[in-house]
Structure formats: C-alpha cells, structure tokens
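Number of protein chains: 6
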Amino acid sequence: MTNHGNMYGPAFTFLGIPACDLDVPATYKGADVIIVGAPIDSGTSHRSGAKFGPQAIRGGDYLPHDGQRPHLALRTDGLKDLKVFDAGDLLMPGGDLVKSLVVLREATEKISRAGAIAVVLGGDHSIASADVAGIANHLGRGKVSMVHFDAHADTGEDQWGALVGHGTPMRNLINDGYVRGDRFLQLGLRGYWPDNATLEWMRDQGMRSYEMTEIHHRGLKAVLDESFATLTDGCDGVFLSVDIDVVDPGMAPGTGTPEPGGMTSRELLEAVRRICLELPVVGIDVVEVAPAFDSADITAILANRVVLEALSAIAKRRSGSAYNPTQNLLDR
Amino acid sequence: MTNHGNMYGPAFTFLGIPACDLDVPATYKGADVIIVGAPIDSGTSHRSGAKFGPQAIRGGDYLPHDGQRPHLALRTDGLKDLKVFDAGDLLMPGGDLVKSLVVLREATEKISRAGAIAVVLGGDHSIASADVAGIANHLGRGKVSMVHFDAHADTGEDQWGALVGHGTPMRNLINDGYVRGDRFLQLGLRGYWPDNATLEWMRDQGMRSYEMTEIHHRGLKAVLDESFATLTDGCDGVFLSVDIDVVDPGMAPGTGTPEPGGMTSRELLEAVRRICLELPVVGIDVVEVAPAFDSADITAILANRVVLEALSAIAKRRSGSAYNPTQNLLDR
Amino acid sequence: MTNHGNMYGPAFTFLGIPACDLDVPATYKGADVIIVGAPIDSGTSHRSGAKFGPQAIRGGDYLPHDGQRPHLALRTDGLKDLKVFDAGDLLMPGGDLVKSLVVLREATEKISRAGAIAVVLGGDHSIASADVAGIANHLGRGKVSMVHFDAHADTGEDQWGALVGHGTPMRNLINDGYVRGDRFLQLGLRGYWPDNATLEWMRDQGMRSYEMTEIHHRGLKAVLDESFATLTDGCDGVFLSVDIDVVDPGMAPGTGTPEPGGMTSRELLEAVRRICLELPVVGIDVVEVAPAFDSADITAILANRVVLEALSAIAKRRSGSAYNPTQNLLDR
Amino acid sequence: MTNHGNMYGPAFTFLGIPACDLDVPATYKGADVIIVGAPIDSGTSHRSGAKFGPQAIRGGDYLPHDGQRPHLALRTDGLKDLKVFDAGDLLMPGGDLVKSLVVLREATEKISRAGAIAVVLGGDHSIASADVAGIANHLGRGKVSMVHFDAHADTGEDQWGALVGHGTPMRNLINDGYVRGDRFLQLGLRGYWPDNATLEWMRDQGMRSYEMTEIHHRGLKAVLDESFATLTDGCDGVFLSVDIDVVDPGMAPGTGTPEPGGMTSRELLEAVRRICLELPVVGIDVVEVAPAFDSADITAILANRVVLEALSAIAKRRSGSAYNPTQNLLDR
Amino acid sequence: MTNHGNMYGPAFTFLGIPACDLDVPATYKGADVIIVGAPIDSGTSHRSGAKFGPQAIRGGDYLPHDGQRPHLALRTDGLKDLKVFDAGDLLMPGGDLVKSLVVLREATEKISRAGAIAVVLGGDHSIASADVAGIANHLGRGKVSMVHFDAHADTGEDQWGALVGHGTPMRNLINDGYVRGDRFLQLGLRGYWPDNATLEWMRDQGMRSYEMTEIHHRGLKAVLDESFATLTDGCDGVFLSVDIDVVDPGMAPGTGTPEPGGMTSRELLEAVRRICLELPVVGIDVVEVAPAFDSADITAILANRVVLEALSAIAKRRSGSAYNPTQNLLDR
Amino acid sequence: MTNHGNMYGPAFTFLGIPACDLDVPATYKGADVIIVGAPIDSGTSHRSGAKFGPQAIRGGDYLPHDGQRPHLALRTDGLKDLKVFDAGDLLMPGGDLVKSLVVLREATEKISRAGAIAVVLGGDHSIASADVAGIANHLGRGKVSMVHFDAHADTGEDQWGALVGHGTPMRNLINDGYVRGDRFLQLGLRGYWPDNATLEWMRDQGMRSYEMTEIHHRGLKAVLDESFATLTDGCDGVFLSVDIDVVDPGMAPGTGTPEPGGMTSRELLEAVRRICLELPVVGIDVVEVAPAFDSADITAILANRVVLEALSAIAKRRSGSAYNPTQNLLDR
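Chains as they are written, first to last, in the numbering used here: chain A, 6 to 337; chain B, 6 to 337; chain C, 6 to 337; chain D, 6 to 337; chain E, 6 to 337; chain F, 6 to 337.
Because the hints were derived from the structure by calculation, they are not lab data.
Hints may contain errors.
When chains are identical, the list treats them as one kind, so a pair holds in a single copy or across two.
Simulated pairs of lysine to aspartate or glutamate, EDC-like, Cα-Cα distance not exceeding 20 angstroms [to be verified]:
#, residue 1, residue 2
1, Lys88, Asp230
2, Lys104, Asp37
3, Lys34, Asp200
4, Lys104, Asp163
5, Lys34, Asp163
6, Lys88, Glu114
7, Lys85, Asp200
8, Lys148, Asp181
9, Lys34, Glu114
10, Lys226, Glu205
The following block holds chain A by itself, in its conformation from the complex (with noise of 0.2 angstroms):
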C-alpha cells in the first residue's frame, strides 16, 4: 500500500544514485554510504511540514541527476569516488513517534553494521535520538562523539510531557548512554531557550556549545581548532548532525523554528568541509528543511550541498591526497 521508494511522494534517488533496498544486503554490498530518508515531523513543537524533506533535499538540485557530482575545489566525486547508495523513505507515520524512531534506529544500525556511513535525510530533529543510537549499537556506547550545528540545543527534559520531540534528542543521546557528554560540541547555539537549569545540566555534562555571538567575536575557525582533539579522544567515529535551522533564516527560510542572526551558507559549508576531512564521520543527519516555508527552494539546495560537500570531504580525505584551501583551483 505504501510507497517504500519515497513515503510522501514521487520514487527517486538522490541526484540519480543507485537505489538499495535495507531488507536485500546484496543491493548495497560494499557500499561506504547508504542514503536513507526519514520522513516525519510530528516531533516538531511549530511549524509542520520536514517530513517533505527527504523529497526536497533528494532533488535540491539543478544539473541532470545522474549520480555523479564532480567537486569543483576539492577534484573529487561524492557520488562517484564513493560507492553511494539510496535506500529510500523509511515508512514512519508521524501518529506513534515512538514507534517510527524505531523503525529509524534499526536502520542506521544495519547500515552502520554493513560498514557503511548513514546519511539520514530528516525530518524533524527527534530523529537524531534514533539515528545516532542505531550507530553507536553498532560501534559502541559512548565510542560515538556528536558535531552539532543548530540554532537550538535540543537538550530540553520534555516537549509537552513527552520524552521525545524534536526539542530532546540531544538530552536522551546523553541519558541514554549512547553518546558521552563531554564528547558532544555544540555549534551556532542562540536566542531564548532553553532555560538556566537545562544549561546548567548541559554543562554538569561537560558539554562544549558555542552560541553564535562568541562565534562572531572570536571566529569560527578558533572555535572548531579547540574542539576537535576532544571528538577523538576515546571515540571511533564522529557524527555529524546539521540542522538546517543553524543557518541565518534569511539564507534558509524552509524551516520551522527560524531563529535570526545565523551562520552564512558559506560557513556552514566550509566548516562541514573541514569537518569530513580532518575527522572520521561515521554517520550524518541533515534535519529541519520544511519545504512549504521555502523561497525558490534555496534551503533545500542548501541542504542537498550539506550532503555533498560532506561526501566530497570525505572521498578526499580517503584518498589520500593534500588540500589547500588557499591554493588556486586551476593550480591544483
């Protein structure tokens, strides 16, 4: 009855890539990333509507989708120097959150177990606490550490009484075990929530979160050189989760808890750049982008670069090869 391809809409893959199906292993042997969407937003405290984002990420794009994307700074293919592949919309019905977390969970734990990184495509930011979960059952509780880009530290005790929600999954990873606090860095944090005492358990955690107006007087840069040695200290893997909202609303509107005074797109891309070439990402969500709130679909391309310049950096940094950001692209 249900479309496995894409659950609310129209069966396609990311820009053309091949498809792979969970429950068949031989459709994804070998693979170093699998796609896979999550297409539910009924964890979200306002605006409704990320469970169109799977969709809008898969086809944010404007050049033929044929499964291939050369990088024009870094001379590497995402799609192409890495076997990729898309195992579509998980079926998640936003009605029992709960119940479809799990659903996310023991996919992300297949896909980590086949050796591959999870690229989650969201989706409201509950999923988080399933996605990550899903890795660390495989890798280990606590072996897993957390780069966090959001407006928002998703570290609240409840959302209307209930323990998941797109406002706790931060809070849960930690109370759970599956991530240890003091391995989780927190980036482009702002405005007016969440109160004195969940920051004061934020920081009992000994986590490590960066609003943005100490970004903006001490910069990016200085801010992600002192954290990284910490990520990989008694961890294996580093994962990496961008909610889309952590860029200014000005840039990326198609969101449903628009917070102003933002990153630019460029330092989103930039940092996520770095992020996947100095350190070993072993899973990504891209969570948030509510397509009905977006103009001409710039949040959702923006969202679909995420993935790709995080494949890019990531083919890079497996091949070996050096990258000077500074050196002149037709010099390379």
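Put chains B, C, D, E and F on the given structure of chain A with help from the hints.
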C-alpha cells in the same frame, strides 16, 4: 509551560468573543456554543500544516475582532444572539495521536453535557473520530447523525497500518457504534480513493454518499432534499463535519490533500446555511485548513465563514423567524 | 520630484494606448475615453496595497502592449474603435485622504466636461466618493445613476470616526446629492457588514441591493432584468463601479477585504458586457486590486479584462450593430 | 550527459506506473497507453516555465505513487485496467524549437504505430503541431479529428515571424493536412485574440469554435451534443488537446497566458470524461502547466486529474459496461 | 467599534506579556517597559503594508507565548526581569496622518512620564517624528540623543509636498528641537537618496551618518566606538530607532523600500545588544516591517528579536552583572 | 505586431531615462551609455524565466522613475552626469537562439561604434557570447578583457549537444578569439560543475578563476588586487559580466540555477564599484534574473543596483575626483 489559549501561537479568541476555560464550568455557564481548537496534524497522510488551522480560522477576517457579526442576509448575529465562548486550543501534541484524540473526545463530551454545541476547529480530519464520539457519549451512541462534506470518504480500514489517521475516522465512528451508517450523509466525494472493497463496506452500512458528478448532474438541492428526512429519523441531533477540501482547490488551496473538481465556496456556504436552518445541529467541526499552502488567507477566511454561517443560521433557527432566500435583503 | 505618469512605479500606459496630459486639453482632443489612475490606499480599513492597483491593471496582460485589442466575441476593438487616452496617475499621497480625493474629483469633472468617459483605476473604494462626484458636477447632481458591484455595501456612516474611507463612499454620494438613492443598484453583497441601522438607512434611500444568496436563487439575469429600466429613469448616464472583491476570493485573491462566496469571474465579465451594451455608461471605476496579495497576477488580469470588456461593449453599442450571445463566433 | 527519464529534474514515472524506453519496443509491448513528457517552453509568447510541466503533472498527487488509481465514480482503474507505461521525457532543448519538435513527432508516431494511445505532457502548446502530426503520420493525414480545449484558438499565421510557437500549432496542423479544418472542435475561447483575418481563415476551414459566452448561454452539454457526430465522420480517431488555460485562472493560475472568465475545473473534468467515454481517442496532450506560477500545486494536480479522468474513461469505454452519471455511487 | 487591543487584527500581547490600558495608570503601575503598536502606513512613499507590523512583530516567534524569554547568552529574561506591559495598538487611521501622529506622541509622552521605556512597534518610519517627540516632551527638548539604524537618512525636506511621511521624520525632530543634530547617530545608510542639498543640511546639523561602505571598510565596532561618548554628552537618554530595512533585503525582505547591500541580521542584533548594554536607552521603535512582502515571516521574527535583544540587554545593564562576549556560554 | 520598447510587457525605460532607437542614430547622439534588454531564456539548462529580467531590472526600485539617481557615497549621478539612453528590448524570440543572438551582437557592435558603453540586461547567460562579441567586433578581437562574476564557469563544450546555451558562452568567446583566455577573470565559482576536462581546458587558456573557498580564505580584496594589472595589459577595455547567481541564493533567490555559498550582496556591490572606478569598462551585462522565483523583488532590485553602482562609479572615474571609502559620508 504551554500556552493554554492557543497551542501553536498567540492566544486570541474567535473574532473577539469571550474566552472560557473548560476546566472551570462557571466560565461558560449558559453557553449555547463553545468553540475549541484541535491543533494537530500528525494524522494526515500527506502535507502537514493543519495544526495551525485553529489559529488561522480564528483570525481569518478583516473586520474588527469585536465579538459581533451581524449577518447581512439572515439579520441575526451568530456571536451575539447566541451565547458563544472560545475555550482556546486543547493540548494535543502530534507524536501520540491516540492519546491526543482522547483529550479532544473528553472536551466535546464536557461541552455537550454542558448543553452547548461544540464547534471544533481542526486540525486534520482524524479529529472527527474523537469529537463526534465525545458528543455521542453524552447524547447516546447511534443518536447522532452525520452530515459530512469532503472530497474523500474517510472510511479507510487503516492508514499506514494504524487505525487512527485522517483517512479512517468515519469508519471508526461507525465501527465503534457512535454513529449509525444509515444516518450518515456524505457530500462532495470525488477522485481515486477509496477502493472497491471499501465502497462495498460503505454500501453495507447503508451510508448515503454523493460524489460530485452526481451532484453536478442532479443539483445540490435535489441531493439535500432527498436526504434530510432520514437524518432526523431516530436521531436527536446532527453533527456537521466540514472538510474544507470539499471545495475546489482553486477556491480553497490551503489544504493538505487537494482534489480538483469540487464545490464552489458559494455552494458550500449555501448548504451549510440550509443545514443549520433546517436540522438540529449539536456539533460542528471544520478541518484540514493548512495555512502554509494558502493564498492570501482565502481558505482560512472561507473556513471562518463556514463557522459564522452555521452560527448565524442556528441563531435564526432558534429565533423562530421566517427566512426566504429570494426575498430582497432590504425588504426583510 | 514626482513621476507624473505613474505615481508608484514605472510610467507606461494601459496596454500601450497613447498618453495624454489632463492639463493640456490638446493632448486628449476628441477623446471618447480617458483612463486615469488613482493610486491611493489610505482609505482602506484593513490590508493596504491597492495603491499599486493602477500599475497592475495597466500591465495585467500577456499580449504585446500595442494599443489594440480585438474582442473575439463582439468583433470590436475597444482601444481602436474608440479614441482612448491614458492620463497616467494622479498625485494622491495617502497621508491626507481628503485632499487627495479633491484632486481626483477635479480630474473626472475635467474628463467629463471634455465629453469623455472617465475610467478610473483604483485605489481603494474611497475614491468612488470623488470620481462619481466629479462627473455629477458636470452632468448634474442626481443625473447619474449607479451600478455597483461589491461584496460590501460601502454605506457606512463613518470609518474609525472619519467620513472618508472605503467603507463610506456610497453614503457620501447619496448624502451629498450626487447620486439619488433610488437610482442605485448594488450587486454581490454578502457577509457580516453593515449593521441593521445602516441597512434601514439604505432601504429608506430606496436603494436596490442584491446579496449573493438572492442572486444564487434567482439568477443574475433576473436580477439585472428587473433593475435596468429604473437606472435610466430620470438619469442621463450610468456610472459603473466595480470593486474586484465582488468576485469570489478564490478567483480574485488580490484584494484587501476578501469575502468568500462571491461571483465567478465569468459572471462578472458577462454582466459588465451586458451593462455596457445596454446602458449609457458615463464613467467607470475598478477598485481594490491589491497586487501584494495576488497569485500569479490573476486578480490584476481580471481587472484589466473588466476594463477591456467594458470598452469593447461601449464600442459595440456605439457601432449600432446587433449582438446575439448564442450565435456562434464564426457565424457572425 | 542527460537524464533520459526526466529532462529537467529527478526521474520518476507518472504516479508510479512502469517505465519504458521508446527505443526498446520490448519495454512497452502490448501497451494501451504510453505517457511521454515534452519539456519545452521556448514556443511560448509570454511567461516561460511550462518545460517543468511534465515533472509537475507526474507528481501532482497526494496518494502513494503505487501505479494504481481506482476511479470512484467509474469503478475502473485507468492505470491497472489499461496497460500504461511512462517513456520519460524526450530530449527537447529550447534553443532550437523546430529540431525539438521533430523529436516529439517521431515519438508519437512510434507510439501510435505500436498501437498505443500517446499521452503527451507539455510543454507549451507548440508541441501540438508535432504530437498530432506524428499520430496522423501513422493513421493517415486527415483521419484524426481534434477536440481542443483552450482560451486561445492557436491559429495564428506566425509568431514573432516564426511559423512555430504556441500561437500557431492549429493552423500548421490544418495547413499541413494532418487535420481537416472541418473536423476541428474548439472549446473555451475568449479574450482579445486572434484578429478578424484569422477568424475568417478559421471559418473558411470549417472549424467549429465555441467561445465561453456562447457556452455560458447555451450550456456545455448542448455544445458538445451538436459536435460529436461530426468528429467521427470520416475520421478514425480523435485527438484530445487540453490547454490548461481553458480553466479560469482563479482555478488554474499556474500557466503562462491566463485569460479570465474560463471554465471551472469541474466542467473540464466532466467534459473530458464524456469525450473519452463516447469518442475513439487516439492521442492526448495536456499543455501549458507552468509550475512557477502555480499556487499550492493546484494547476499541476488538475492536469494530473485530466490525464487520470481520460484514462479512467477510456478503460470504462473499453470495458463496455454502462455508466449513468445520476446513479448513486454506492448503487452501482 | 474598534478593537483596542490590535487595530487591524486579533488582539494579543507581545509573546504573552500582561496587557495594560494607557488610559488606566493602575494597569501599568511600576512598569519598566511599555510596548505599544503604531499601525499606520500612509506615510510610506512606496509599498504599503507596515500597518500590520505590530501584529507580525508581536506574533513573530515559535515558542509558547508565555510571557518569558530567558536569553541564552546574557542569562537574563527581558520579559520577566523587567516589568513589561503591552498597551495594544493605538487608533491611528491612515487617512489623516498628522492627526494619527498626535495620538502616538501623546502615548509615548504618557509612557515616559510614567517612568517607563516606550517600545513602539511600527508602522512606517513617519512615526519616529511623533514617538521621539513624546519622550522629549517629558525629558526635555534636546535631552534625548538618537541612534538610528536605516538604509535611508529620512531627513527629506518634504514628501510629495507634505512635511510628514517616512522620508522626513529625522529632519522634523531636529527642526522642531526635539533632538540635537549633533547628538544624532545614523548607521547603515546606502543607495541613491537623499540629494546633495540634504546631505549638506545634515552636515550643518552636525549629524554623524555612516553609510555601509564606510562600515564595510572600517568595521561596525570601530564606528560604534567613536560614537558612543558623544551620545551621552549633555543628553539624559538615548532613543533607539531601528528601521528593519537597515538589514540586507536578502535577510529582511518584508519591508517597503528595500535597498540591497545592508547589514546582516547578526550584525544588527549584536549592535542592538551592545547599545542597550552600554547606553541609557529611554525609548525604542522598530519600524517598516511589511508582512505582505515577507518570506516565511523571517523579517517579522527578526524584528521580534530586535525587541527581545534590546530588553534582555537592558535587563542585564540594570542587573549590574558583567558580560564578556567571548566567555563560553556554559562557563558563565 | 511587437512592442519594440519591451518585448514581454509594458514599455518603460530604466528608471525613467530617455528612450532611444538603435535604428535612429540621432536619438542617441553623444551617448555615454546605452542600456538594452535581451529578453531571452531558451539558453537556460534549467528554470526558465530570465526573459523577464530586463523588465524586472528596469523597474526594480522604489524611488520615482525620474531619470536621476544621486549616489550617496560617491556624490555622482550615474544617470545625469553621464548621457544615458534606454534602447528598449531587442526582438529575440526563444525558439531560435542562434538567430536571436545575432540580433544582440549587432546591437552591441552598433552601440560600441557609437562610442557608448553597452549595458545589456539579460536574459540568460548565453547572451554573453553575443554581446561581448559585438563590442570586440568594434574594438578588435582580443582587445577586450573580461571580469566575470558567476557561480559557474560557463565554459562548457556544449549544452544538450548545442554550442550555444548559458553553460558555454565563455568558451565560445575564447574559441572564437573575441576574448583572450589569459585576460579572463572569473570570481565566485563554486559547486559541482564543470568536470576536470573542462577545468584543464580553462587552465590551458590561462584563465584566472577564483572559487568561493579561495575568496573566503584570502579575501576578495586580495584576489582583486592580484588581478587588475593583467586585465589592462594589452587590452583596451574591460567587459563586466555579472551573473546574479554569484550572490548567495539566500540573498538572490530569483535566478534559474542557484548555488549556495555565494557572495553577499554587499560584496558584489563593493566589487562592482571598485572595478568601474579603477578599470576602463566598455560593456556590461547583468544576467540570469528570473523574476518568477524572486521574493519581494529583492533579486531584481539587486540587479538594478549593480547597474546603478557601475554607472555611478564610471561617472566618478570620468570626473577625475578622488574617492576614499573610509572617509565619512558627510565629510566629503
């Protein structure tokens, strides 16, 4: 922690009428009508966004929100001639649809026991399985008949495997005995759903379901004429459920599952007026208004007018004065 | 300092017709029709934006702006068979509405004295109190009858305490003696305004006001049939005032105070054609087009067609040739 | 280098039906219907954007893309009861319109020779000059009659000096002998184009062209009744060409040259159903859907329904079972 | 007849803070801050729509409207640590701008005399000539200095011949002696207005006006550093006037006269924070938010944050506690 | 039959400057600058719509269209200090791109021979292959150097098999000898196109192409500093080609192939100013503005400002007066 007046935004009442608190009976003593919001959309099978329906419907007007609305044609004021309160929005988070629907069912039962007509602002249509049930719990199972405007029959057996959802409420109401299948009138069906097995189930229940082509060829008046007598045969009250997608998407684009070829706004408003003038309405819901897809608020304003038209006609019916639609406005 | 061709944007004429300057009679010598813009919206009680109506109506077309428009059905060219000029936009700043309306009144009086039909592109409906007055100043007070399409009667006693505004022009015109109340036809009223006291005042003036339900039940043709004779009884000319909100918001969303349940575009166009074929029209205004709320310019294009339909029919009436709407296009 | 499934975006089939490759006959063996996209808009005289029509029409639905659509009223499934394939989009770059139209003409000829009905998703209306020609190349010049829904006659002599364009296809088809002028039915014309010389040319060809005013006064049923017999007189098949702008822009804003005063969505769907039930349709195109100007996808969804309505009716016609539109849905 | 809470829509307070009535001093006894709406846009020279600014700014948030907002970085709550009330919208019809501005001037004078900071939500910028004047009437003419963020100098001599308008308020304030020209700081100017004569007048008044290129080359910090000392030299308080168009239209599209090349949202928020931390702010207005041109409410949310950032910083300043922007959030 | 002033809409000039007719030299005698529109978009590989760019750029402003624009910072008036004319739009139908490009090439050659700077409003970027060629035909092949702002290199070998298109103009210009590869500066490249073979071709030509990451790390100033000397080495003039998609889609959404991570509007405007102050500009095009995807006209207004900034700086350069960007506006 929550805003009890309006779950997802600023708190204000329907066009400025007095607020009440369902937990404090003194605040709605003597009420003829109580409006309540059901801001949930996790029951939808496609585009979410209807959880902002209550806010959009309450505010969908260009006149001062002064708690009065003299009806030009009927010469009654549905907000002043009746005693109408707004109970705000219920706390209905989307992540647990079943639990949230219980909250709504209890609310409409409370309103009905207080002797008032419940007017529920949706939300997706899954709420009908709860708001009608609440009233039937008070008036008696099988004692409430249904008039249901919709592009879709909403009689699915399940939705993504779940019993609740916006595709199943009418089957649930009949299966659970709240409403008799042979006291169930459906108007405006069209399109490519449900399948034959479901249509046969509907026939077996004795439902009376009119698709648009029959209405197009026979006229809406003829269709209503042949149905009204049945609705009050053995039933004490009529519940009016208006899915705004019964109107053509050209005139009501702000909805989640738009099906072309529907009624005009005028046809719907005329039919609602007649139903409330001629039948003993005990409850109303107006559902599936999704503001994110609206154009210049026209769908929200239409839904606002469905409520006003209904209340104006109920006031007229209670006044006992005559009404002739072909008599000139200034000759009344 | 100002742009005399178009107050709020680039200067261009209605579909490319010749420009004229109201201060230089030689530029519009022998004119049958003079189009003029009244770009003001400070008389509106809700959404502003109608001051860009003139610009949107002039440009609302997809054919080359070549100053000609052969009418498919009538076989006339309203822009070529008549001598039509565009006088650009009047300088009507919004901060002093009373003063700006004087500018407009003087302009239409000048046009009328030049023997031309004034076609005024609004602007909010407050302008009707001035543009009709200007014509009546020339033809004689009480000598001009009105045909008024609108969702609203616009007969309010005041607006926020002021006499001028888009809710009061029709009362002002009658109170000031420009138009006789018993030569005043209103079509398309609906909704929840004005109150009973105002309706009684309207009845006392002998106005003939048809709300949509009466039109729905009796038909627009019947309603027009019974009204036309009166309009030319003792009056020398008819002023046609078209508030675009007479059309259903589904078909004309680009307006400030949309009221659901209106006419279709087709009904309005057919009625305008018939009025201009059968009655001695001396002035026209088309008001309340607010482009900021429009969708793909459909409201602006509709208003453009109201003007073209009127001019085409006036040209047909002046040609004296017969017209039968049921005769086939290619058999004419 | 190109994406053969969909020229300008992700590749997916119409509502999930099987794909085929026009170059590989085995992939569409036994086909009843083959859908193909013609993504080109350089023939348009105004707003471009129709090249994304095929993508929007294929995806314009809220139900799972599962390759089936049971028709509520007709009790057939146009996608299952017929053998339907989607051949993807043809490679039709806009810079050389003449060359791209040859590609389309060869495609529909191939489909027709395979014994299938071609359903072409446009694209601007210039494609009709090619898709009809391809079928006539197989069935015989003059052996295909036309039913053409449109606001515009599309019989211009040239466009900006070129023979091809969306204003000229019908003249080209007649001039080139593909279709006889006296087997050419046009429905829905209105507005201010073409000029008298062209209308006289149309009359001289024996065309039967109905403008909206005649339809308004006589009724669509009467107009169809008097036309059907002619269409099958000496012709073996009927081509149905639906320019979506035949519908009022209020209900179908997503198009390039919107002309107010059109049909309702319901009228178009009813007419398409009747035509496909009563006439031997051999080809269909649905054109001028320009998603950039759409509102909440309503125009794309309407075009999707035109295709589904046609296929459902063709399946019904082939089944030989009776259909009475006034019989109740549940009594069938 | 009017809605005293919100002139043009539903009545609700800024993020749920308590309401007060300016006519009843007891309702705002002990207030630190009083928010009031100035819903007028007839002073604009181009796109109207700013009269809905107050409604959009009050509701521009995704968190529950519960009257509290703990500031993540400053660790204060601008709504709880200060005593803040919302006085609703003033009755300021657009047709008589001069008269409406008097209403506003009297309101801010009343607020200032009550010892509270007035926060005025505009409305177009013409309101600055009144809201600053009201405060200066209490604190003394020439005793209030100005910090003015804007793309435009707003020092025009007249506008369409009138003294009031959104292009003239700053000249009026100086000419009328409310503010000294040499205590007037302007930030963010750019574009093609005003002319040289006006620039010379500005220089003659001793104004300090920074255009974006100077800020771009020297840095916003340097520019603020050299200005702050002057502002408190001989003045008792600072008025902060924020025209939202100081931000680049890419990040704040919802405004009437957008000028490309502006500040980022982040720059504005950082500057507002610093000003309210370091200077004795006595009044604030946030103007020119025109929701009809906004995209996903991002401009309204930004304006909401300007207010919150200011109130949070004022609370921090009053608390006397230290603040170091480079100290980590969780180390405070 | 066509409108010679503006191919696809009403005819008006750039901000009200005088019109001229390229066929009548007397109408542009002594011109310093001639603006001309190239309304074509059939060269685009994705979203069409740029053919309405000329209309949107001409009208993209909120000040009166009075033919003057005093530049706040430079104290020149690019429209008055230079003699500027607007030649309207060229007749360039999209169906035959090759033929239409010839029309454009002849136009810029004519403008160049008249001693004026051609400012071409696109249109998609395929026009650059023609407008630069026209100027080089006059000044000499290889005598014009290029400064090219773009997200894309536009050096593709072909597009869908055709030589012309918006992906190939820069290769055509070099291949045809109009511009030397080693006098070709590209700024703002990013994303996933073109492939390595093309990059190698670019290197072989001696092109200097800066992608955004290099600009991000080194600064735009450093990049310009190292390039300017080369551009005038052996060349007599510089052509400035600005593809608006060089700016981040967040700030310039109204374009066909948006690539995230671009320049800010401010960076582009500052760079254009400097180029026109320091280099001998002989031609300009501003391309790829597609209004259908714009938000509140911000992209069109930005493009309008690119033209104004360029003309203001050219006027300043010709005046010979000094300019220091860090000197205060009021101290000049």
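Checked hints:
1. Lys88 x Asp230: Classified as neither; 30 angstroms inside a copy, 42 angstroms across copies.
2. Lys104 x Asp37: Answer is neither; intra-copy 28 angstroms and inter-copy 41 angstroms both fail.
3. Lys34 x Asp200: neither (47 angstroms within a copy, 28 angstroms between copies)
4. Lys104 x Asp163: Answer is both; intra-copy 17 angstroms and inter-copy 16 angstroms each pass.
5. Lys34 x Asp163: Neither: 40 angstroms inside a copy, 35 angstroms across copies.
6. Lys88 x Glu114: within (18 angstroms within a copy, 40 angstroms between copies)
7. Lys85 x Asp200: Answer is between; shortest inter-copy Cα gap is 13 angstroms, intra-copy 46 angstroms.
8. Lys148 x Asp181: within (13 angstroms within a copy, 50 angstroms between copies)
9. Lys34 x Glu114: within (15 angstroms within a copy, 42 angstroms between copies)
10. Lys226 x Glu205: neither (26 angstroms within a copy, 32 angstroms between copies)
Of the numbered hints listed earlier, those contradicted by the structure are 1, 2, 3, 5, 10.
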